[in-house]
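Protein chains in written order, with this note's numbering: chain A, 34 to 158; chain B, 34 to 158.
The reader is advised that the hints may include incorrect statements.
Since the list gives no way to pick out one identical chain from another, each pair is judged satisfied if it fits inside one copy or across any two copies.
What the hints assert, rightly or not - Calculated lysine to aspartate or glutamate pairs in the EDC-like style (CA-CA distance at most 16 Å, straight line): (1) Lys-47 / Glu-88; (2) Lys-126 / Asp-102; (3) Lys-118 / Asp-130; (4) Lys-100 / Glu-85; (5) Lys-104 / Glu-80; (6) Lys-47 / Asp-36; (7) Lys-100 / Glu-46.
Hints are computed from structural coordinates only; laboratory data are not their basis. Quantities reported herein were computed from a predicted structural model and do not represent experimental measurements.
There are 2 protein chains.
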Amino acid sequence: MGDETVAHFLLGEKFTALSGSVYGGLVASLLDCHGTGSAAAFACVAENIDLENTEIIPVRCVTASLKIDFKAPTTMGTELELIGKLRSIEGRKIWVDMTLSAGDILCATGEIFSVHHIPHHPFFL
Amino acid sequence: MGDETVAHFLLGEKFTALSGSVYGGLVASLLDCHGTGSAAAFACVAENIDLENTEIIPVRCVTASLKIDFKAPTTMGTELELIGKLRSIEGRKIWVDMTLSAGDILCATGEIFSVHHIPHHPFFL
């Protein structure tokens with residue numbers, strides 16, 4: 034893990050929208066989860082926090098803004114691949130660019146602006 | 034129904050993210066659903082389709098792009114109100130602006146670019 038994160042999902046049929054295609058809200062949810070998780074991982078790397086050390090409380094991020102562009106129907110029955118790339122970190126603010134693909138097909142792109150969540154502080158800027 | 038749509042939701046606890054707050058992916062899903070539904074309703078009004086006539090196949094829309102700005106944590110246990118306002122229609126393209134509120138608190142805003150889906154044609158432009 035440097036400045037890129039990868040996740041794979043195979044979705045069940047209950048997430049179908051139009052016949053044979055994944056529900057768009059689920060695509061948004063996957064991009065939200067992968068985005069905040071990636072932002073937290075990138076923040077750990079930037080702060081030299083060892084991701085393998087489970088005794089350290091990990092960084093947790095919340096979403097401030099999420100943009101999704103749907104490029105093609107997301108086919109059911111194909112393993113989905115999510116890739117997150119760090120765009121920039123400025124203090125508690127982290128921006129990540131994402132893609133969601135089914136095989137060779139680029140189904141959606143996502144941009145997330147995530148904020149390092151400090152417990153007992155207001156969530157948002 | 035003229036150029037505004039309203040929907041209400043009361044969510045169960047399984048949609049909790051951080052303690053007491055609704056999961057962001059669910060907020061995105063609600064805005065996606067309300068956005069495409071609103072776009073379809075606005076398209077019907079624009080085309081003088083009677084929404085009460087169930088013998089006519091209604092317009093169905095798919096999401097091309099969705100942007101969500103999270104303004105405050107969405108509190109669990111409070112009925113949520115979604116409001117959609119028509120921004121513009123150009124042929125098959127429909128833009129809708131949305132808000133998601135819990136009581137007096139504006140929790141999120143959304144912008145959707147939706148496309149009138151023609152069956153057996155490619156989904157996207």
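Quiz item: How would you label the pair Lys-47, Asp-36 (within, between, both, or neither) given a Cα cut-off of 16 Å?
Solution: Intra 33 Å, inter 32 Å, cutoff 16 Å: neither.
Quiz item: Are the CA atoms of Lys-100 and Glu-85 at most 16 Å apart within a copy, between copies, both, or neither?
Solution: Answer is neither; intra-copy 31 Å and inter-copy 34 Å both fail.
Quiz item: Between the shortest in-copy and the shortest cross-copy C-alpha distance, which are at most 16 Å for Lys-104 and Glu-80: within, between, both, or neither?
Solution: Close neither inside one copy (35 Å) nor across copies (27 Å); limit 16 Å.
Practice problem: Go through the copies and call it for Lys-126 and Asp-102: within, between, both or neither, with a Cα cutoff of 16 Å. | Solution: Between copies, since 15 Å is at most 16 Å while 22 Å is not.
Exercise. With 16 Å as the alpha-carbon cut-off, assign the pair Lys-118 and Asp-130 to within, between, both or neither.
Key: within (5 Å within a copy, 29 Å between copies)
Quiz item: Between Lys-100 and Glu-46, at a C-alpha cutoff of 16 Å, which is it: within one copy, between copies, both, or neither?
Solution: Result: close neither inside a copy nor across copies, 25 Å intra and 26 Å inter.
Quiz item: At most 16 Å between C-alpha atoms: does Lys-47 with Glu-88 qualify within a copy, between copies, both, or neither?
Solution: neither (37 Å within a copy, 28 Å between copies)
The structure does not agree with the numbered hints 1, 4, 5, 6, 7 stated previously, though it agrees with the rest.
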